[in-house]
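Chain residues, written in single-letter form:
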Amino acid sequence: MKDILKIANKKLKSRLIVGTGKYKSFTETAKAIKASGAEMVTVAVRRVNILDKKKPMLTDYLNPKIITYLPNTAGCFNSEDALRTLRLAREMGGWKLVKLEVLGDKKNLYPNMIETIKSTKILVKEGFKVMVYCTDDPLLAKKLEDNGASAIMPLASPIGSGLGLQNKINLSMIIKQSKVPVIVDAGIGTASDATIAMELGCDGVLINSAIAQAKDPILMAQAFKDAVKSGRNSFLAGRMKKNFIGSASSPLKGLI
Amino acid sequence: MAKIQLNGKKINIKRNYSILDLLKKYNLDNKKIAIELNGAIIPKINYKRKHLKNNDKLEIVYFIGGG
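So the protein lines, in turn, are chains V and U.
For the first sequence, my numbering begins at 1 and goes up steadily by one.
For the second sequence, my numbering begins at 1001 and goes up steadily by one.
Isolated chain U (complex conformation):
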């Protein structure tokens, strides 16, 4: 198990979980989102190979209505 912070919420994930695994778990289409891991933007191409570890801070954002 690893404890990470996702969009400000603490969650537990399995060991060796990749960003892509996490997106699948939350049913998120990687074309419609962008990700920041510990303050750095992760290019989409790296979602599969980037594994999450304890205390990682992840932000997943998308477009919403705005003026």
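This is chain V alone, in the form it adopts within the complex:
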């Protein structure tokens, strides 16, 4: 049986989405993405450095025809900036599937949900397919879905913190209520965090810092690939019931 993740009209075999920031070089980025098996990567929109004509471009290392680029609005602190960024991204290559993140606090990078909901409504009206970075509040997650979000992306903990899943109960509530894919985004620190997220039943995970800032990013990318697969299979298999007393694995009949 094929296990496909469908976000809007995009079909993905890999449930691991990888960010392309914080790597030492584009070569390392490309190798890590390959090792991760990811078919979708997040990218940021920035001004071209006009003074450096020979500066390499990300697109020279990761072919957007092979890997799906998911433009994001990282660094945007209000709706206006986020909308401007995504409209430019759409013009760049015709991307309609985008990741919206509107931040509210410069220190903890927590999302500003008021601006996020406002932006989601406008983008959906303009024909975008919006994957939305959000807090782990089930009510706000529902609000995003009601406003047409293509995927809900609650944080595990603050962006780049590596603190892992801090509120599994909230994530489980969001997973249970959502009819669109739930992708855990931000805060995952190591491969086992991704497994736990997948075992909770989320549809995918988005990882950047945990891979890029590992001592060996390429090996860590491979670890995440396996971790996401393991977690997904474990979820699909359905774990055993928890017992609060021991239960022997070997039969007692015929005991000498």
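Honestly, the hints are just simulated from the structure, not real lab data.
Careful, some of the hints might be misleading.
[Unchecked claim] To be clear about the criterion: a stretch of chain U counts as covered by chain V if any three or more of its residues have a C-beta under 8 angstroms from a C-beta of chain V, and this derived list gives those stretches:
#	stretch
1	1020-1033
2	1046-1059
[Said to hold, decoys possible] Simulated crosslink set (BS3-like; lysine-lysine; CA at most 27 angstroms straight-line):
#	chain 1	residue 1	chain 2	residue 2
3	V	Lys11	U	Lys1031
4	V	Lys107	V	Lys22
5	U	Lys1031	V	Lys65
6	V	Lys55	U	Lys1010
7	V	Lys34	U	Lys1031
8	V	Lys22	U	Lys1031
9	V	Lys118	V	Lys129
10	V	Lys106	U	Lys1050
11	V	Lys55	U	Lys1044
12	V	Lys65	V	Lys129
13	V	Lys24	U	Lys1044
14	U	Lys1032	V	Lys65
15	U	Lys1032	V	Lys96
16	V	Lys125	U	Lys1032
17	U	Lys1024	V	Lys10
18	V	Lys168	V	Lys241
19	V	Lys55	U	Lys1057
20	V	Lys55	U	Lys1014
21	V	Lys22	V	Lys2
22	V	Lys55	U	Lys1048
23	V	Lys54	U	Lys1044
24	U	Lys1014	V	Lys65
25	V	Lys24	V	Lys215
26	V	Lys11	U	Lys1032
27	V	Lys242	V	Lys176
28	U	Lys1031	V	Lys129
29	V	Lys22	U	Lys1032
30	V	Lys54	U	Lys1014
31	U	Lys1048	V	Lys118
32	V	Lys225	V	Lys24
33	V	Lys55	U	Lys1009
34	U	Lys1048	V	Lys65
35	V	Lys96	U	Lys1050
36	U	Lys1031	V	Lys54
37	V	Lys34	U	Lys1032
38	V	Lys106	V	Lys118
39	V	Lys10	U	Lys1009
40	U	Lys1032	V	Lys55
C-beta atoms are modelled at their ideal positions from N, C-alpha and C, and glycine is treated no differently.
With the hints as your guide, set chain U onto chain V.
Showing chain U alone in chain V's frame:
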């Protein structure tokens, strides 16, 4: 000559310079960038016919690594 602002920097360009001329000057592939002129996005199809004038504010963006 015309004075324009490109990505926050003031530069001088020849008169009747089109966006396409500017992209050629900076060796930029129009498939890999997007352009905003005075706050409005310019469709790629208009790069050739859109001429730059004094005090224009131009933003050229592209994709970089990001999470």
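Pair hint V:Lys24 and V:Lys215, alpha-carbon separation not exceeding 27 angstroms
Holds, at about 11 angstroms.
Tell me whether the statement that chain V covers the stretch 1046-1059 of chain U is true, taking a Cβ distance below 8 angstroms and needing three residues at minimum.
That given contact is violated, which follows from only 1 residues of the stretch 1046-1059 of chain U lying within Cβ reach (below 8 angstroms) of chain V.
Does U:Lys1014 lie within 27 angstroms of V:Lys54 when you go C-alpha to C-alpha?
holds (23 angstroms)
Hinted pair V:Lys55 and U:Lys1057, Cα distance within 27 angstroms:
holds (23 angstroms)
Is it true that the CA of V:Lys11 sits at most 27 angstroms from the CA of U:Lys1032?
holds (24 angstroms)
Given the hinted pair U:Lys1032 and V:Lys96, is their Cα-Cα distance within 27 angstroms?
This hinted pair holds, its Cα atoms lying about 16 angstroms apart.
Would you mind confirming whether the straight-line C-alpha gap from V:Lys65 to V:Lys129 stays at or under 27 angstroms?
Distance ~19 angstroms between V:Lys65 and V:Lys129 Cα, so the pair holds.
With a cut-off of 27 angstroms on the C-alpha distance, tell me whether V:Lys10 and U:Lys1009 pass.
Violated, because 39 angstroms separates the two Cα atoms, which is more than 27 angstroms.
Has the given pair, V:Lys242 with V:Lys176, been kept, meaning a C-alpha gap of at most 27 angstroms?
holds (20 angstroms)
Is it true that the CA of V:Lys106 sits at most 27 angstroms from the CA of V:Lys118?
It holds: about 20 angstroms lies between the C-alpha atoms, which stays within 27 angstroms.
Compare the distance between the alpha carbons of V:Lys55 and U:Lys1044 with 27 angstroms, and conclude whether the hinted pair is satisfied.
holds (22 angstroms)
Below or equal to 27 angstroms on CA atoms is what counts here, so check V:Lys11 against U:Lys1031.
Holds: V:Lys11 and U:Lys1031 sit about 25 angstroms apart, inside 27 angstroms.
In summary, the numbered hints that this structure violates are 2, 10, 13, 17, 21, 24, 31, 39.
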